[in-house]
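*Asks:* Please construct the entire structure, taking both the sequences and the accompanying hints into account.
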Amino acid sequence: MSSTYIRGPVCGFDNCPSRLWRIIAGRRTCQYGHVMEGDIEFNNDDDAAIQQSQGVITKRLNLTTSQTGSFQTNLSLSQQNLLNSKQSKKLMKGQKATLLMIKCLQFILKRQVDYLIQRRKFPTQFEKIVKFIWLSFISKHNYHTRKMDRNDLSLNINITISVIYMAILQLGLPVYFCDLINWIASLDFPFYKASNIIPIKWNENLPNFYLLSLNGNNLLSLKTFTDTLFRFNSLTHITKFINTEINISGLVFKLITLTTLPLEFYFYTRHLVKIFCYKEDDYVIPIHSIINRAGSQHALLPETYIVLSFILTIRYIFLYDGMFTSTQIYSNEWMNALLQTPNLNEEDLSEFTINRKLTKLLNNNNHNNNSSNPMDWTEKETINYLNWMEEKFMPLEKQNHEDLGKLSMDERIIYRKLNDIIPLKSTELQLPQLDRHPLTFIEELQEKYLKLLDLIDNSQTTENNTNSTITTEKDGEKEFNERLNLICKLENKILSDLSNEFNVPIKRLKSDLSRFEKRISYIPH
Amino acid sequence: MFELPLRSTTYVNKHRMRERQLRYRYINEHTKQYTAYERRSNREDLKRLKRRNVGYMTPPETSHGEEELSSDSEDEDDMKNDRRKESRRRHNKKRKSLRWTSLYRQDTEELEEGGNNAFGSTTPDPDTNQTDEESDRETADDNNDLEGEDGNFISGKDERKFFTIHHKPQQTYEVWFDPTTKLRTPLNKKIINFKDWSRVQNKTRSNMKEPLAQASHSLRASQKLIPHGLYLYDENNTSTYHKKPTIQDKHMETMITLLRHHISECNWAMSYRIFALLIRLPRIDIKSIWQYGVKILNQNKNPVQCLQFLEWMHSVFSSRKSFRLATTLQIDPVFRGASRTHTAQFTLTWLWDSLIYYSSKVTDEEEQDNKLEQLIEKLNEMILTPPFMEDGEIWFILAMCHMSRADHLSIRYLKQRESQGSHMRAIVYDKVIKEITQVIKYLKESKDRQFGDFVFPEDYIMRNLTQIELRVQEEEEEEEEDDDDDDEEEESEETETSADDKSRSFPLPTTTQEEQYEKLQPPQETRQEHMPFPQSHDVSSSSFQVEEENSFLQALDMPDYLEEGNLPQDNANYYTNRDSDDMEYSSD
Chain A
1 MSSTYIRGPV CGFDNCPSRL WRIIAGRRTC QYGHVMEGDI EFNNDDDAAI QQSQGVITKR
61 LNLTTSQTGS FQTNLSLSQQ NLLNSKQSKK LMKGQKATLL MIKCLQFILK RQVDYLIQRR
121 KFPTQFEKIV KFIWLSFISK HNYHTRKMDR NDLSLNINIT ISVIYMAILQ LGLPVYFCDL
181 INWIASLDFP FYKASNIIPI KWNENLPNFY LLSLNGNNLL SLKTFTDTLF RFNSLTHITK
241 FINTEINISG LVFKLITLTT LPLEFYFYTR HLVKIFCYKE DDYVIPIHSI INRAGSQHAL
301 LPETYIVLSF ILTIRYIFLY DGMFTSTQIY SNEWMNALLQ TPNLNEEDLS EFTINRKLTK
361 LLNNNNHNNN SSNPMDWTEK ETINYLNWME EKFMPLEKQN HEDLGKLSMD ERIIYRKLND
421 IIPLKSTELQ LPQLDRHPLT FIEELQEKYL KLLDLIDNSQ TTENNTNSTI TTEKDGEKEF
481 NERLNLICKL ENKILSDLSN EFNVPIKRLK SDLSRFEKRI SYIPH
Chain B
1 MFELPLRSTT YVNKHRMRER QLRYRYINEH TKQYTAYERR SNREDLKRLK RRNVGYMTPP
61 ETSHGEEELS SDSEDEDDMK NDRRKESRRR HNKKRKSLRW TSLYRQDTEE LEEGGNNAFG
121 STTPDPDTNQ TDEESDRETA DDNNDLEGED GNFISGKDER KFFTIHHKPQ QTYEVWFDPT
181 TKLRTPLNKK IINFKDWSRV QNKTRSNMKE PLAQASHSLR ASQKLIPHGL YLYDENNTST
241 YHKKPTIQDK HMETMITLLR HHISECNWAM SYRIFALLIR LPRIDIKSIW QYGVKILNQN
301 KNPVQCLQFL EWMHSVFSSR KSFRLATTLQ IDPVFRGASR THTAQFTLTW LWDSLIYYSS
361 KVTDEEEQDN KLEQLIEKLN EMILTPPFME DGEIWFILAM CHMSRADHLS IRYLKQRESQ
421 GSHMRAIVYD KVIKEITQVI KYLKESKDRQ FGDFVFPEDY IMRNLTQIEL RVQEEEEEEE
481 EDDDDDDEEE ESEETETSAD DKSRSFPLPT TTQEEQYEKL QPPQETRQEH MPFPQSHDVS
541 SSSFQVEEEN SFLQALDMPD YLEEGNLPQD NANYYTNRDS DDMEYSSD
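First to last, the sequence lines map onto chains A and B.
Residues in the first sequence are numbered consecutively from 1, following our numbering.
Residues in the second sequence are numbered consecutively from 1, following our numbering.
Because the hints were derived from the structure by calculation, they are not lab data.
One or more of the hints may lead you astray.
To be verified - Each computed DSS-like pair below joins lysine-lysine, with the alpha-carbon atoms no more than 25 Å apart:
id, chain 1, residue 1, chain 2, residue 2
1, B, Lys50, A, Lys398
2, B, Lys295, A, Lys380
3, B, Lys250, A, Lys392
*Replies:* Spelled out as structure tokens, the structure:
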């Protein structure tokens with residue numbers, strides 16, 4: 001028997017102060033003869049089987065001390081599982097779980113409202129209205145019954161968005177679905193990985209099914225948004241009590257700034273919207289919508305009506321331009337200039353545009369030309385993205401991992417070591433530093449329009465040099481075709497831009513547009 | 001091919017699994033047919049060559065490969081009759097069992113192949129492979145005849161059921177080398193004509209019919225495209241995601257694309273930053289991207305960081321676990337990790353890199369000694385545990401450690417010879433001899449454990465060992481015998497050689513050393529002295545170890561095999577035993 005002692009944890013049995021251990025007959029025994037419990041381990045290797053065939057069996061005890069000084073055994077998988085299962089969290093079930101889920105949703109909603117009021121400068125009354133709408137939801141939600149109808153609203157993080165949207169409508173704020181998406185994509189707005197925000201105790205008690213639906217893994221698409229919104233309204237009947245007419249002028253103005261069209265289009269669109277959306281309901285969120293699964297529901301949303309009529313306005317204005325007057329207001333060169341996107345200085349992008357870019361990246365509806373390809377990014381763009389990754393994305397990912405105690409002590413040490421070996425900023429391979437002075441939204445808008453003007457000027461000066469040709473009839477026909485072509489291109493560009501903005505597949509937007517055209521043809525004169 | 005390096009424990013993508021399985025099956029089938037064709041054509045060439053050269057001496061212009069083959073052909077003639085008999089017997093047997101094989105072949109074959117490539121340890125089976133080309137010709141024809149019968153033999157539904165149950169993950173791995181082609185393949189100079197090529201392709205296609213019968217429409221379409229070097233464009237990315245991509249997926253994908261893009265553009269600063277970020281994300285699987293990391297960290301002027309990273313990999317992802325095919329379905333074992341029977345690639349890279357760094361880049365003598373000592377200790381420890389115990393390459397690295405130590409000792413002695421007395425010479429001599437005996441011992445161990453494509457040039461090493469020994473051995477006699485003038489000359493030359501050593505490896509024999517050598521050695525062996533050093537032979541990516549010898553202490557470029565997909569091919573040129581040829585050249 002070997003008499004070598006190994007330093008380990010304090011024995012503690014009957015206040016035994018011994019820290020030294022030795023092995024007697026396979027049991028870990030302290031200096032004073034107390035046997036440590038549950039620390040016997042044989043190595044069940046494959047080698048044992050081989051040795052058995054030869055008639056010799058050796059069994060060894062693997063004794064190592066871990067970082068904290070306590071003994072660390074190489075437990076087999078089954079043993080580890082046993083240990084883990086003892087510590088497993090107490091999951092709630094049934095009614096209790098649903099109640100807890102509603103609590104969690106309320107908690108997240110509170111955070112979201114705080115964000116909107118503090119960062120986005122929403123009026124303070126906003127909180128009260130959200131509270132009112134949320135109360136109406138709670139009073140109507142029948143969490144005590146187990147039966148779930150097909151048309152019922154499932155508890156989901158999307159509900160909070162519907163509540164916020166309804167509150168925005170009541171206050172008539174110029175905030176729309178596209179803004180909400182942008183904020184979500186920038187990860188500022190508490191939506192992605194929202195399960196991290198809720199208290200850890202709740203997190204432990206909540207069943208996995210609910211935790212997943214709290215995570216907000218996917219970027220909200222217009223379809224799911226409308227779906228939940230309509231379900232929410234049909235459940236709560238909130239539309240009876242609050243204003244549901246959307247702020248048209250704000251949306252039209254937003255669309256114009258997004259597409260950098262001249263401001264007269266604002267009036268054109270306002271005028272045509274009145275004609276196109278002749279029914280009074282068109283500006284109002286429908287009270288009882290027929291919930292169908294065909295997927296064209298978002299066409300019933302007033303926002304989509306206005307977006308569609310905006311596109312149609314552009315088409316008609318360009319088509320009839322020059323038909324009733326001798327000169328065209330919008331020349332071909334002007335349209336060409338509009339087609340080219342003005343290149344802004346990437347260092348000084350406003351927060352708004354950066355968020356838009358992120359949305360574009362996440363938007364997987366359009367694969368062809370519009371979705372941004374990371375291979376085409378410039379260096380500055382990439383650095384910006386990586387910085388964003390470090391500041392916003394990584395903490396969220398890590399938090400999820402570390403706070404919930406998924407990493408053991410050893411794993412944490414291992415990863416800390418790795419982080420020391422490969423620091424985030426290497427001393428030798430260094431990237432150029434960017435000094436960012438982000439513009440405000442208004443400054444950027446100014447710059448956009450100025451650049452557009454420059455483009456137009458350039459194209460006109462080149463045009464003047466070649467403008468000495470005589471026009472014949474054939475040329476006229478050719479010119480007309482050319483113009484049609486240009487109009488189509490412009491419309492496509494605006495369509496794809498807006499489909500990105502609202503997270504709708506471009507195909508669906510196009511089909512909605514054709515349906516809308518049909519609807520217009522029935523307008524009573 | 002470019003899957004995301006995410007931890008894929010959460011889901012199993014059935015579509016991707018099937019696709020990979022079919023793709024590698026096709027590739028394996030194709031290489032099999034092609035090697036069969038190659039062997040066949042080699043034999044025909046031999047016959048032609050023999051007919052032409054009856055009664056003549058071999059002309060001096062004949063290339064090295066053909067000469068080698070002509071020596072082999074005699075043995076082959078003797079074997080021919082036996083082999084024919086055997087093949088006939090085998091053929092009959094095969095005919096009988098063909099009905100069954102058509103159904104069960106997929107499994108039995110793949111088991112063999114999977115065993116080869118997953119662990120690279122199965123012993124070559126010469127009997128089956130030698131008769132392959134003959135039986136293949138016949139079976140290819142027979143296959144077509146029997147197909148109709150197979151259809152009646154068992155109904156399609158049952159068959160499908162059978163295949164869905166018996167999915168073998170090994171089928172999704174490509175076979176990277178065929179142990180039978182070892183050492184015997186001549187240089188590939190031939191051009192395949194269109195007829196033969198289409199024949200090879202047709203055979204592969206007919207063999208692929210069977211597994212494709214159960215495949216879905218899209219799989220069949222993608223299979224059709226592979227021979228043309230095309231892939232199906234996956235609009236919704238169903239091969240990477242089984243569901244709608246989440247925000248996390250999208251960002252991961254972007255990061256990986258950025259990493260690959262910037263590495264391909266050699267933008268190291270950017271790729272370092274991306275890599276550092278990626279490592280910190282919990283969902284990323286480091287085992288799948290460590291190659292990128294090594295590539296990036298090697299661009300740093302401080303290679304210690306890279307070694308640290310590799311050491312970290314080695315210590316964290318241990319090879320204690322045995323690789324379970326049943327649970328790890330989707331992952332290739334070869335480059336990701338280690339198992340009881342398989343040394344991890346990062347371990348090997350770490351050992352090679354550290355050996356080369358410590359023996360060539362570290363200038364401080366004491367530090368160098370310490371580091372080499374540490375490395376040897378580490379290796380001695382490793383050799384006691386299972387996967388390394390059976391790996392010839394590890395033993396070889398150990399031998400090389402001792403060799404470089406002997407090299408350094410002898411060179412240091414040469415430099416300080418004047419200031420040291422004769423007793424020092426004895427001590428150094430003893431040390432060097434001790435090291436050399438170690439090298440020989442470990443080389444022998446390594447040779448016993450040789451398998452796969454790991455080959456080393458033994459003769460070259462032995463020659464260099466004698467050089468090292470000579471350096472220490474003869475100085476005394478030199479000093480005693482020669483005049484002062486000669487001594488000075490020698491010193492200057494030797495300092496040159498020692499200066500060269502740092503850049504070149506083992507010194508090529510200088511004139512003085514040759515003379516000494518001739519004086520000492522018996523006359524028969526002087527011929528060896530004129531032998532050209534095997535520097536000029538073609539070094540392909542696979543014979544990395546051979547290259548290692550040539551530029552043993554040279555700065556290590558990233559070995560090609562570390563880059564994803566650039567794996568040792570089986571038709572690569574191995575180091576061939578050149579001595580006999582060289583002898584002939586010298587006699588001419």
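*Asks:* Has the given pair, B:Lys295 with A:Lys380, been kept, meaning a C-alpha gap of at most 25 Å?
*Replies:* Distance of about 24 Å is within 25 Å: holds.
*Asks:* Between B:Lys50 and A:Lys398, is the straight-line Cα distance small enough, at 25 Å or below?
*Replies:* 71 Å, violated
*Asks:* Between the alpha carbons of B:Lys250 and A:Lys392, is the straight-line distance 25 Å or under?
*Replies:* With a Cα-Cα distance of about 15 Å, the restraint between B:Lys250 and A:Lys392 holds, given a limit of 25 Å.
In terms of the numbered hints stated before, the structure departs from hint 1 and from no other.
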